[in-house]
Amino acid sequence: MPELPEVETVRRGLQPVMEGAKILVAEARRPDLRFPFQPDFVARLKGQVVTGLGRRAKYLMADLGSGDVLLMHLGMSGSFRVIKPDNEAAPGEFHYPKGKDSAHDHVLFRMSSGADIVFNDPRRFGYMKVIARNALEDEPLLRGLGPEPLGNEFDAAMLARSCEGKTTSLKAALLDQRVVAGLGNIYVCEALHRSHLSPRRIAATLSTKKGEPTDHAKRLVGAIHTVLNDAIKAGGSSLRDHRQTSGELGYFQHSFKVYDREGEKCTTPRCGGTVKRITQNGRSTFWCPKCQK
DNA sequence: AGCTGGACCTGGACGC
DNA sequence: TGCGTCCAGGTCCAGC
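Position 62 of the first sequence, counted from 1, bears residue number 64 in my numbering, the numbering being contiguous throughout.
The hints are simulated quantities; they were obtained by calculation from the structure and are not laboratory data.
Where is the CB? At the ideal position from N, CA and C, for every residue including glycine.
Some hints here could point you the wrong way.
What the hints assert, rightly or not - Label-pair distances were calculated between CB atoms; the ranges are:
(1) H97 <-> T276: 46 to 56 Å
(2) E166 <-> P41: 39 to 49 Å
(3) T276 <-> G224: 18 to 28 Å
(4) I204 <-> D34: 38 to 48 Å
(5) K102 <-> M78: 15 to 25 Å
(6) G265 <-> I85: 34 to 44 Å
(7) E250 <-> A91: 20 to 30 Å
(8) K267 <-> Q40: 47 to 57 Å
(9) E155 <-> S104: 38 to 48 Å
Said to hold, decoys possible - Cut-off 25 Å, straight-line C-alpha distance, at most; resulting in silico cross-link-like pairs (BS3-like, lysine-lysine):
(10) K48 <-> K86
(11) K267 <-> K295
(12) K259 <-> K295
(13) K259 <-> K220
(14) K235 <-> K220
(15) K24 <-> K131
(16) K295 <-> K211
(17) K292 <-> K267
(18) K259 <-> K292
Please build the complete structure, drawing on both the sequences and the hints.
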């Protein structure tokens, strides 16, 4: 599920049951997700109080009382659900209704807040890692991350600067987490449509020869802001029945203008174009060639 | 150095 | 029904 708005929605769902609560039990039900779990993964979690739950780009970060940080990424198909523990179960055991994809419930936490938290990830592109807080800046997974798209430092000037000299497409540049961290395939397509910019445009065209941001860059940053904020307000997007931690569906998918709308009429007033799908860098791009230039 | 394409996984939708 | 193909919200890494 997870681009920035979905990860932020997950964070808000987990925060009430995680923050200030102790991890009574932690369990990893397989040796690896995308990477092997660290040998001391469970040991470093058990008994720790979660002092805060934050987000950086598409990562969730749980601060622990020990000074460690639990880093979590949802990959393509990761999700969390919050369930009530079964009081009949032994204290260290997780008993809960099994669904058809329970086989992909890979990580479980029992919190002192009275919640069990289950991480499910069929494709296992997600991962979790415990890092000492004072070593965060050396963490390779976080190293080259660009600015938060909703943060103060991300503006047209900064976007133009980081796209300077880039010969790749605008689509590919915006998906590059070093340029801006948190966008994915959906919100890049949506932001480009809302700013009427072609996904095939060369990224370097966001700046003038003097290195000043063009109006295009300003429009694009504005569109990124609005589409992300609107999506967060809607609880993210629910594709293929992906759910929030509470089991509720986000509803921003109903607001997609182009993503997964190939063949539909463009919604831009007086455009009259049709949404097309092309492949760029191996991934689908949805856009309207008529109003995106 | 920057960029592209393949690899990593599983499951759902579709066509025959 | 079953089998094959294609596609999916991400990102790392090799190779050009």
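So, going through the hints one by one against the coordinates:
1. H97 <-> T276: 46 to 56 Å: 52 Å, holds
2. E166 <-> P41: 39 to 49 Å: 44 Å, holds
3. T276 <-> G224: 18 to 28 Å: 25 Å, holds
4. I204 <-> D34: 38 to 48 Å: 40 Å, holds
5. K102 <-> M78: 15 to 25 Å: The hinted range 15 to 25 Å holds for K102 and M78, with Cβ atoms some 19 Å apart.
6. G265 <-> I85: 34 to 44 Å: 40 Å, holds
7. E250 <-> A91: 20 to 30 Å: Cβ of E250 to Cβ of A91: about 26 Å, so the range 20 to 30 Å holds.
8. K267 <-> Q40: 47 to 57 Å: 51 Å, holds
9. E155 <-> S104: 38 to 48 Å: For S104 against E155, whose Cβ atoms are near 42 Å apart, the range 38 to 48 Å holds.
10. K48 <-> K86: It holds: about 19 Å lies between the C-alpha atoms, which stays within 25 Å.
11. K267 <-> K295: 17 Å, holds
12. K259 <-> K295: 16 Å, holds
13. K259 <-> K220: 20 Å, holds
14. K235 <-> K220: Status holds; Cα separation ~23 Å.
15. K24 <-> K131: This hinted pair holds, its Cα atoms lying about 18 Å apart.
16. K295 <-> K211: 20 Å, holds
17. K292 <-> K267: 11 Å, holds
18. K259 <-> K292: Judged against 25 Å, a Cα distance of about 14 Å means the pair holds.
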